[in-house]
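Let's have the full structure, built from the sequences with the hints guiding it.
Numbered according to mature numbering (1 follows the signal peptide of the UniProt record, and there is no 0), the sequence shown spans residues -42 to -1, 1 to 395.
Simulated from the structure, these hints should not be mistaken for lab results. Hints should not be assumed to be uniformly reliable.
Said to hold, decoys possible - Subject to a maximum C-alpha distance of 20 angstroms in a straight line, what follows is the list of computed EDC-like cross-link-like pairs (lysine to aspartate or glutamate):
no. : residue 1 : residue 2
1   : K7        : D184
2   : K7        : D320
3   : K7        : E299
4   : K7        : D293
5   : K7        : E296
6   : K7        : E342
7   : K7        : D340
Claimed, not checked - Pair ranges (Cβ atoms, derived):
no. : residue 1 : residue 2 : range
8   : T45       : E101      : 18 to 26 angstroms
9   : A200      : E101      : 33 to 41 angstroms
10  : A200      : T61       : 28 to 36 angstroms
11  : G209      : A316      : 55 to 63 angstroms
12  : H155      : T341      : 46 to 54 angstroms
13  : D279      : E101      : 30 to 38 angstroms
14  : E192      : G233      : 35 to 43 angstroms
15  : D279      : S11       : 28 to 36 angstroms
16  : A200      : V151      : 20 to 28 angstroms
17  : D100      : G343      : 50 to 58 angstroms
18  : A12       : D340      : 18 to 26 angstroms
19  : G209      : E82       : 29 to 37 angstroms
20  : A13       : G181      : 56 to 64 angstroms
We put the beta carbon where it would ideally sit given N, CA and C, even for glycine.
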Amino acid sequence: MKQRGRHRRRRRGRALRAALTGAALALTGAATLISASQATVADDPGALKPLTSAAETDALRLTEHRVPTAWLDRLSAAMGDPVGVDTVLESADHTLRDAADCTAGEREALPVSPAATRAYCWDEADTDGWRPGAVTTSGDADEDGRWGAHRVILSAWSRDDGTPQGGLARVSFVDADDPGRLGYASALLAVPVDGGHDYRGLASPVTGMVWYQDKLLVTTAAGDRDALYVYDVERVQRATTAADAVGRVPGGWAAGGHRYVLPAIASYRLPDTDGAARPAAISLDRGTSPDSLVATEHVAADGDRPTRLWRYALRTATDPDRTGLPATDPSGRVDAVEAYETGAAEVGGVLSHRPPGATRSDWYLGRAAGGQEGRGTLWRQDTEGARAAECGADRSQQCWSGPAGSMSYWERTGEVWSQSGRMLFALPLTSIEDALG
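In structure tokens, the structure reads:
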């Protein structure tokens, strides 16, 4: 039995590699055709320009607002003891499909160059009506790449539910221990209200997400003065009813039909000034000391100003009340420790990585296709210039996924994870470097 199982896995692995290779070849041809109607060379964002003046960096400042512990304890007393990641994984009720089992239309969301080496598509019935958002992993959460005994991927999704509040957001917890079978379960993201007697849904798409230590940091879209919300992955609450409502309902607690809900424990507010920078895509950089949260804002292709990139230092203290949070001053303010301007627009994903022995970090930007049509571009930038990945016979730069998603670097495996359309995919950072020359 074990021998036959190994043969099946080998055949499935060969089928998966063949599917990804075939998809890459087909998409390369498509990129060549697309580039005939697009510019052969995308707009070069040029070198990064450091931002150093107080007027420039003050626009990046956030102010911390903690949800009172009494509110969270009140919710727990009413809903039952919180559970952790292991409990959510054990209840996985959906499975992602390998790329070999995905449709050609789904695989069109994959990048052409560099090509994905692992790819999966989400359960269509479960994600119908939901828009994909950011991705993070247990590679961000802990240096050993695991949360407890598990390798875990977190994927954010959002939906407009037609209410005045504007929608719902959820996070899917993916058990990635077995690359051949990725099961998952989802938890609704919520915000405690009414002194902890109730909660509302997080009414915003999640464009950026980082799991650092026991905290999950997520960004929100325009319309919410709080630009960043924080969740404690050890404070997952069980819903007691499958009702589509959110919060306290007759007979119990509802989470929009989900079995779990995550209540926010803190938020970070933008400055009340014109020009305040809203974090959109975010990622973790372990190459700095201390570790840092990297951020970019979203500026449309027809915008009239540059895009800003910056980083916040993360806490190094062992105080359990502060683990995984951005570093604040005594007034609860979070200041950027490094900031730049870039000529890139439509940035949907950002990474900052310092190679061993290097004196500065490279910045990687996944840029969406203008107007969300066609393919996007992948750039590497520093203070000296920029370079894009190329593909096709005409060396087109339209090689990345069109609706460029967030990127997360799993240091222990050397992989970069991202999500586009219904596809979740990974590729080695070294292949990105190779594609960038």
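Okay, the hints, checked on the actual structure:
A threshold of 20 angstroms between alpha carbons decides the hint, and for K7 with D184 the separation of about 27 angstroms lies outside it, so the pair is violated. Of the pairs offered as hints, the one joining K7 and D320 holds, with about 13 angstroms between alpha carbons and a cut-off of 20 angstroms not exceeded. For the given pair, K7 sits about 5 angstroms from E299 by alpha-carbon distance, which is consistent with the 20 angstroms threshold. Between K7 and D293, the direct Cα distance comes to roughly 18 angstroms. Compliance with the 20 angstroms bound is thereby established for this hinted pair.
Proximity of K7 to E296 is assessed by CA-CA distance (about 11 angstroms); at most 20 angstroms being required, the pair is judged to hold. Between K7 and E342 the alpha-carbon distance is near 9 angstroms, which keeps this suggested pair within the 20 angstroms criterion. At most 20 angstroms may separate the alpha-carbon atoms for a hinted pair to count; K7 and D340 meet this at roughly 9 angstroms. One distance hint, 18 to 26 angstroms for the beta-carbon pair T45 and E101, holds here, with the actual separation near 24 angstroms.
Between A200 and E101 the beta carbon distance is about 38 angstroms. The supplied range of 33 to 41 angstroms therefore holds. At about 30 angstroms, the CB distance of A200 to T61 agrees with the hint of 28 to 36 angstroms. Between G209 and A316 the CB atoms are about 58 angstroms apart, so this pair conforms to the stated range of 55 to 63 angstroms. As the Cβ distance of H155 to T341 is approximately 51 angstroms, the hint placing it in 46 to 54 angstroms holds.
At about 22 angstroms, the beta-carbon gap between D279 and E101 misses the expected band of 30 to 38 angstroms. Between E192 and G233, the C-beta spacing of about 37 angstroms keeps the proposed range 35 to 43 angstroms intact. Between D279 and S11 the beta carbon distance is about 34 angstroms. The supplied range of 28 to 36 angstroms therefore holds. Range check, A200 to V151: about 22 angstroms between beta-carbon atoms, so the 20 to 28 angstroms window is met.
For the hinted restraint 50 to 58 angstroms between D100 and G343, the CB-CB distance of approximately 35 angstroms leaves it violated. Between A12 and D340 the C-beta distance comes to about 24 angstroms, which sits within the given range of 18 to 26 angstroms. Look at G209 against E82: about 32 angstroms separates their beta carbons, and that is inside 29 to 37 angstroms. A beta carbon spacing of about 25 angstroms between A13 and G181 contradicts the range 56 to 64 angstroms that was offered as a hint.
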